[in-house]
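Asker: Protein chains in written order, with this note's numbering: chain H, 721 to 890; chain V, 1417 to 1853; chain W, 5 to 788.
Since the hints were derived computationally from the structure, they do not count as laboratory data.
Even glycine gets a Cβ: it sits at the ideal position worked out from N, Cα and C.
Check each hint, because a few of them may be wrong.
To be verified - In silico EDC-like links for lysine to aspartate or glutamate, alpha-carbon gap of 20 angstroms or less:
#1 K1613/V <-> D27/W
#2 K424/W <-> D27/W
#3 K424/W <-> E381/W
#4 K63/W <-> E1557/V
#5 K743/H <-> D1795/V
#6 K90/W <-> D1562/V
#7 K1757/V <-> D771/H
What the hints assert, rightly or not - Examples of chain W residues lying across from chain V (beta carbon under 8 angstroms, computed):
#8 C51
#9 R52
#10 Q65
#11 V178
#12 V408
#13 N411
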Amino acid sequence: MTTEAPMEAQTIFSPELAARFDKLVTLYPVRRSALIPMLLYAQDEQGYVTDAAIREIAQRIGITPLDVRNVLSYYSLLRTKPVGKYHVQVCTNISCMLRGGQKLFEHCKQRLGVGHKETTPDGIFSLEEVECIGACSWAPAVQVNYDFHDNLTADAMDAVLDQYRKQAEK
Amino acid sequence: MPTLVSHPEEVKIVSSRFGKGATDIERYLELDGYQAARTAVEKGADWIITEMKASGLRGRGGAGFPTGMKWSFVPKQSEKPKYVLVNGDESEPGTCKDHLIFLHDPHTVIEGTIIAGLAIGAKMGFIYLRGEYRYLLTIMEKAIADAYAKGFLGKGIFGSQVNFDIVSHTGAGAYEVGEESALMESLEGKRGIPRIKPPFPAVVGLYGGPTVINNAETIATVPHVLRMGGEAYAKIGSERNGGTRLFCLSGHIERPGVYELPMGYNLKKMIYEIGGGIRGGRQLKAVVPGGSSTPVLLPNEIDIGMDFDQVGKAGSMLGSGGVVVLDETVCMVEFALRTIKFYQHESCGWCIPCREGTDWLKKTLTRFHAGAGVAKDIDNIRYLAENMLGRTFCPLGDAAAMPTIAFVKKFRQEFEDHLNGKPCAYAKQTIQEPVLV
Amino acid sequence: MADVTLTVDGKKITAPAGTLLIDACRKAGIEIPAFCYYPGLSLQAACRMCVVRIEKIPKLQTACTTPVAEGMIVATDTDEIKQSRKAMLQLVLANHPLDCPVCDAGGECELQDMTFKYGAADSNFVDVKNHREEQQWSPVVYFDRPRCILCYRCVRVCGEGMDVWALGVQNRGVSSVIAPNGGDHLDCEECGMCIDICPVGALTSGTYRYKTRPWEMTHVGTICTHCGDGCKTTLGMRSSGDGMEIIRGDNRDKSGINGDFLCVKGRYAFDFANHKDRLTQPLLRNAEGKLTPTSWEDALAFAAQRLRKIRDTRGGEQIGIIGSNRTTNEESYLLQKFARSVLGTNNIDHHRTADYVSFAKALAGQEQRAASLRETETAPAILLIGNDPTEQHPMLAWNLRANVRHNRARIYIVNHQEIKLRRQATSFLKISADTYSTCTRFLAGEENSAFGAEATALREALSKEPNLLIVFGAELHGSAIESLVRYGLSLPDTKFACLGDYVNSRGAADMGMYPDMLPGYVPVQQPGAFATEYGERFPAAPGLDLPSMLDAAARGNLAALYVVGSNPVHRYGVAAASLKNTFLIVQDMFLTETALLADVVLPIANLYEKAGTVTNTYGDLQFVKKAADRSGVRTDLELIVRLADKMGADVHSLVPFGQGTRADMGQSRGAQSGEADRHAVWLAAQNLEPKLSPFDPSALLDEIQRLVPGYHFSRLELFSGNDQHVQATAHNTGLVQIVNPAERRDGVLPSEDTLFTSGTLGHYSGKLTEIHDSRNKEILVAAD
């Protein structure tokens, strides 16, 4: 069932990403191993994993869209709804909590005017309280998209947000 | 960028190249890089395993299984291909050591993977990084490409007849995938649900082939062990606990950071001398010695050597090396809640006790901390945790249950104080303080 | 495998090495509770209910994943284990809604039973349960998420068992949820296995939900009336205004030939019995040519009088009889006996869906060569030529898949279509639809021209199979079957199965519903014992087959046609005008295309409303119990007997009743008093009559057993509900000599039913029609 190698002419992804996917499925002993990276890269390009992406990825791997959804819904980084251009992920797990992570999250809520898993009306920022991101010795830490910002204070956080806003407005 | 720290008491082995530009392959080679792998290619599997066994190196992921022994379990003959799998899904709260290894010394991981492959006769290795470490994946991808370009990977590595390939791979957010069989499922493109054991990975692992799976720190240590000799490495640590370990000091401590210290290093000394003591000169309240799943220790329990056996004797576990320090301002109910909230979020949901147990612990603790607790809650929290312990499908249930039992047992008075709608005296203190220093 | 001995709760038990501890314990009568463990499906170790203590192992172990080992010492009933199980139940119940009073599963719920046993009624939880609204996933599948305990049985039975893979698990942790493949709905075969296998009331049936409480129903295990596999189905009935209404079909007790399997038809398509168009009064065509209700007396008297007159004035050869694929063996036997001994004609036939005659002929003289349906689950290798079991023989398909999964059986498929079972096949040979006989001859080595490299490879592979089971569909008939059987017999220990379409197609053939074949494939020209049994009216020459009868009618050469449970006008595309000169009697449940043309219409009971036996297409004889009831209808058996009686025939020689238990009900005093009476009570409880009435099928079963070659079986087993494999060809081989085979036409017309159709009955099943339509709608939408 999984041995079919269907490659349709059209793709919903950029030529670069499509080429990357073509290669990715050949790196592993089974095509399906490429599933999770593909979903993540598709999300990076399109903001979230769209229905069309699910269909195309299922087809590229040779599994059913249900299989893809089963896997996709398991992983917390993958999402099926859009978020802001800059997704602010504030860690509040123990090491960060002890150094004010919770407070930092509250601060971000106020500053951005949105709550957990919400997006600002202009679509620039979205906010999420996340579990440990592996920056415990440099707590409190925040990830904006994939960029780490650590040893944060409220002021430092504001500066970080301002910087992204400027970038967005460019 | 994570700040690097240093202390004279440190014995820098795994961290010896941190901050020295070793991501560049030329620089890595200048710093004695790929020497161990070259020697391993010449001397062969038996030599590698002998040295590894002599080193007393125990798995740095948390379980502490002797690495040399683990490798020797892989059958020599196998119909199916064998694999080396590097677990870089570092997700245990309080732990950030692999983060630094991937950031500063990716080639050691590659080198260690090659050596492990030689030891078990695998032709392929995978380095699995958690999805959050995307910038580290980019570093790793470049390092792998450079190693291929030098002929250290691919066909005929180091000019020998041996072939070895490495693929770096990203996860997408799941603590549970840190469990070895769940990691294999994830790498096969499935939900990160652990597998039924036996069979164990050494016999039936990735793609059904015999598989060695090691923590990234363990793998990064391997080239150093071969370079310095197993016995010499063993001598650095304590009895039956060879070598050094990266300890991640975090929480209410003056100088948090990742320090490399010999196994068996005294915890109290670690906190007060290496870490500079409790922040702001406050009183120590508790220490979580090895990541959030290890039972909390009281101040009078920390005069112990940090190795697998001594911490075990003290009723906790060495775990992943994440030392989280709590001062007197912490509300232990809140801390217990935050801990369980994590496990509730990360439970894969496969088995009843973990799926339901973590959720009801979270619900009960949330309400309890908010001041709506009832007397039977305290015993019920403990009852729930005790009935999860040892009965779940995989160790995640234990990881949630063990600290919870310890919190209730060791801080019962604080739980009692939360009853009857009393506001949280402890948290109030925490909240009022200007935490954002 | 060698046996190992272990100790469980101080008791020494023995089990084959490799057996799972849970199975070994259960077999030894030691109960181990489990939600996720389900025999035949993959292991999960998720519910943690089956934990046991094994000596020398520090933690409790799951009995469902632990193989037995020599000397193992196990405890299953200690306080520690009881507490652990109780805690699991408390955790499940923490979120599981306690809406048992309205839940469909209430009273039949494994969670209720376990809670009762382990006493997890007390709860210390005070927080709010997670709630979600119920969802409808298909016309028949509803999902009530909060009730779901995530045992994953449904996911596995759908994927592993059915090879449909329509259910998945999504999200994680406490948000984990069973999800259908269509996002908010199911695209599947609607078999309902997921509903049946659900240990709680999370998946419920669209036909049954909120209709009743299980204890308000009476349950009768009988045989499904649809396809030729003949699955056992347990019908749940409740009394209604005009009888006993069926409200549920399942086979949860796993009794019978099909284990717990039922397909969409077996599970839901019983509702034709309640269709508003069902006939409950006899109809007579009046002077204005309109069918109008009349009394039984008038209808039967009129029909009998006309038949008698035609027989006596124009001869029995002017009368034709068309029988049914869904009547019992007793009825089919009686119908042909009535034709031959009362009407004096051999003009009897039925809609033939497989060439059983050629099959019988080819196997003449062979013993133990026809395979039971049960063997399709155990045979090490199977050659499947033609047919699409997934659509036409769902139980066979289920068995073949299970056989591959559990025994790594090798399945070799030859077909002109890419049938779904090819996914389980070792090899799949695609041929064109018109080359089945060439292909068969090629396999048999009787074809000189080459048939391609794949066919050669197949022949090569088959030559290495010592225990091949050859299953073939209606694509093969006549000499092709003979070639195939010859080929099979050249291999060691080969067995065969011939696939026909309806529940008693095989029985109709075995019971001699042919113009040229008597029961047991005894040729009419060599009737043997039948000559004396069937009396002086029994004609010596073969009669007309079904198409010939219709032709004769069109030419005005058939004065009467008696159609029992068949719809030839629709099936054979008969023009209404061609029957205008034929006196037509139709027995049916509905005013079918044929019944509309009739002069007399007699409303009948269906298979769920009568007792008797049926023979599935593999030759498994099974007991049909009367389950439902409908006022205003009669069984075919009763109507044939009454017609014969009204015609002045000797009913006693037609039905040998009154020869079993006599009216003397035993001693009236002493220790044995009432013995026969108790027997009579038992018979009544089984809906059998003590052979005192001419409508008693068991009297006819006596005659079948006495006269039909190969119908040897144990009544004890049969009446206990066990299938009995009979081979109507294996004995009295001297009798099975078909005269002039070259002139004989096999007349096979496959019904080409799918999973969602079932001949005429299918049209009257509201649920089947609804499912069929909803699927077509989806296909149309998808095509847009």
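Asker: Run every hint past the structure and note whether it holds.
Answerer: Verification of the hints:
Using a Cα cut-off of 20 angstroms, the hinted pair K1613/V and D27/W holds, with the two alpha carbons roughly 19 angstroms apart. In summary, the hint linking K424/W to D27/W is not supported, as the alpha carbons are separated by about 32 angstroms, beyond the 20 angstroms threshold. Using a Cα cut-off of 20 angstroms, the hinted pair K424/W and E381/W holds, with the two alpha carbons roughly 18 angstroms apart. Restraint check: the Cα-Cα separation between K63/W and E1557/V comes to about 42 angstroms, which exceeds 20 angstroms; the hinted pair is violated.
Proposed proximity of K743/H and D1795/V is contradicted: the alpha carbons are some 56 angstroms apart, above 20 angstroms. Restraint check for K90/W and D1562/V: the C-alpha separation of about 58 angstroms exceeds 20 angstroms, so the hint is violated. For the suggested pair K1757/V and D771/H, the alpha carbons sit about 31 angstroms apart, so the restraint of at most 20 angstroms is broken. The criterion of a C-beta within 8 angstroms of any C-beta in chain V is met by C51/W, whose closest approach is roughly 6 angstroms, and the hint holds.
Taking 8 angstroms as the C-beta contact cut-off toward chain V, the hint placing R52/W at the interface holds, the least distance being around 6 angstroms. Nearest Cβ of chain V to the Cβ of Q65/W: about 10 angstroms, over the 8 angstroms cut. The hint is violated. For the restraint placing V178/W at the interface with chain V, the shortest Cβ-Cβ distance is roughly 4 angstroms, inside the 8 angstroms limit, so the hint holds. Taking 8 angstroms as the C-beta cut-off, the interface hint given for V408/W is violated, the closest approach to chain V being about 19 angstroms.
Interface hint at N411/W: violated, since its Cβ lies 20 angstroms from the closest Cβ of chain V, which is beyond the 8 angstroms cut-off.
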